[in-house]
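Novice: As a plain string of letters, each chain reads:
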Amino acid sequence: MDCVDQSNANAEAPSVIDRYYTRWYRADMKGKACEDHCILQHSNRLCVVTLAETHPILQEGRTIKSINYQISNGCSRLKNKVSGKSKRGAQFVTDFAPLCRITCSDETEYTIYSCIRGRLLEVNENILETPNLLIEKPSTEGYIAVILPKFEESKSITEHLLTREEFEGVVSKRSVSQPSS
Amino acid sequence: MTVMLPLKEKDKPIVKKLLSAGCCARCVLRFCCVSVQAAYRQAHQETLKELQAFIKEKETNEAQDSMPQTSTHEIIKSHDAALSLAVEEPPCKRAKPDPTETDGSESGSAALVCVVCLGILQDLCGPAQAKKIAETVKAENYQFDTLVLSVSLPAQLCVREHSCWLHVKKEVREKGLVLDKDDVIQVKEAFKWIIQGLVTKELVGVAVVGKVGRIKTLKAQPVDIKLSAYQLCLLCFFHFSRHYPCPPLEASSGCTPQDIQCLHVSVFIAGRYNKFCRSLPQTPWVIDGERRMESSVEELIAAPILSAFRADGFNFSSSGREDVDVRTLGNGEFLLLYWMVLLTQTINDSSEKVKVRDLQIVTREAMSRMKEGEEEKTKSYTALVWTQKAIEKEDIAFIDDIKDLTLDQKTPLRVLHRRALAIRQRVIHSMNARFVDPHHFYLGLKTQAGTYIKEFVHGDFGRTKPNLCQLLKTDTDILELDVESVDVDWPPPIPE
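Residue numbers (our numbering), protein chains in the order written: chain A, 1 to 181; chain B, 182 to 677.
Chain A on its own, in the form it takes in the complex:
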């Protein structure tokens, strides 16, 4: 078998995310400061909704008190059941569709939004059992949901999203205007 021929053993090899996903961002979702979402788009067009590292939930040592997928009287994201290859039965979400509501131990409440249009395939139930995953591994085990955009829209959905560079630009402007964080 081929040997690992490269670099420093300590250097991080490109992660699964780096290899297969493209990061897209939505900053200040619904006008709320710093409520940034990160959408991981797989080369097969599936999108994973996650919190961007700048999201308030991930700051200042917060812990999560509860996560609720019941976003309204009639709608619980947990009831989303898809079947078959064509994912029948999936709830259709649009950019501003709420996915879940998170309450932190300091009583701050946040709503996580879809950010893209498509069929909701699954929401992460692991974070219901272990909310800490969301804090510790927001980009992997702490993901929020998986959405499958329509085939025709798979390119256009990213039109409203920021690339990594653009996002970093937005973030750096924040630190300038707000001296501390």
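None of these hints come from the bench; they were simulated from the model.
Each hint can be trusted.
If you want a taste of the chain A side facing chain B, the calculated C-beta under 10 Å gives, among others:
id, residue
1, V16
2, L40
3, L46
4, S83
5, K85
6, S86
7, S139
8, T140
9, L148
Quick reminder that beta carbons are idealized off the backbone N, C-alpha and C, glycines included.
Guided by the hints, dock chain B onto chain A, whose structure is given.
Specialist: Using the frame of chain A, we list chain B on its own:
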């Protein structure tokens, strides 16, 4: 030679009616449900004579009956005036001059095209036709042991058949008898009974079984029918006769054979292949019309085979579709290819990236065996694993002791776009770990078929549980993956 026709008294009215209607001798036999093949093989003129003799017998109560070799003009009397137009020119043209027809066949109807089979059972199944078929087959230069004959008939025939059947059914019912449509011998069947033997004679040494060379016959005269032939044939007499006459209209000319095609039946090939390259996909990788990666396992194996076999097409089915970046070593995956045969050397010489072995012709049933194998087999892999935290040899020793670890794997995100969302339980039978450096080790695994190895290693967002990250309590990733073997005995190895 004359064959004693197995006809009974009850068949007399049917025979009479059909002959008057313009049916040829063989079609009459069919409607009498005669299944003695020899009866069809004798010259139809002979059969006609016998039929005529038959209805003449014991005619004590039927003084008025005229000889049944009538022209079809008789049937016209029972129909609307409008239809008589069709008869203006008495049809006397034969579909195809049959050199074997003797002049003894004087009766008018022998010279006329049968109103049901349009001549197919008259002159289109004789030695001349058989010769043509045989010549076509020989010209195509195939090598074969068995030949299967199939024929395509124009839709009009089933309308005529239905018409005739309705015509006869009425008569039969009046006499308190029953004529079930299913008992009537089909034109196709009679045709094959007659022509198979003749074709066999021309192709010495080959048994003609049932279907391969296809003879397409073309109706010479279109008939204006508004309902589809199929729909028509479902109608009862009352409704049917509003669209089409019972018995059928005579035809001014019969069918002409369209063409004879030789087709290869499917050949199934099984074998094993090795993939030695990490940038070769299983099937052509094309997105939006653009090829993303050069070539594919499928193309490299199939191309030489298709040309060697002059095949028109193929289906490549493999049990185990490894990713582009995985190498398959050891005994290799087994594959099943339709429509092909190959010299192993041709494939192996044509590319360094893929090699095949144990190629053999198998039966269609082999498909199900391969699918079974997919469920039951185990596969062995070697993966190169990266760990985020620094490890020591002792940290990975416990891996060797893990036996029969059951995983719950949600459909990996990387295939979720095309597969149903589900949780699959898969077993890792055993593993072993070989330390390389503080951030790398080789992980050997023996797993149940269908286990997603990559997802076991990196966890797939925590959707495969348990996973290696959890076991080692660190982030892990997979850098390389090789299939070491597919632990199944099929297809049987071929000694080199």
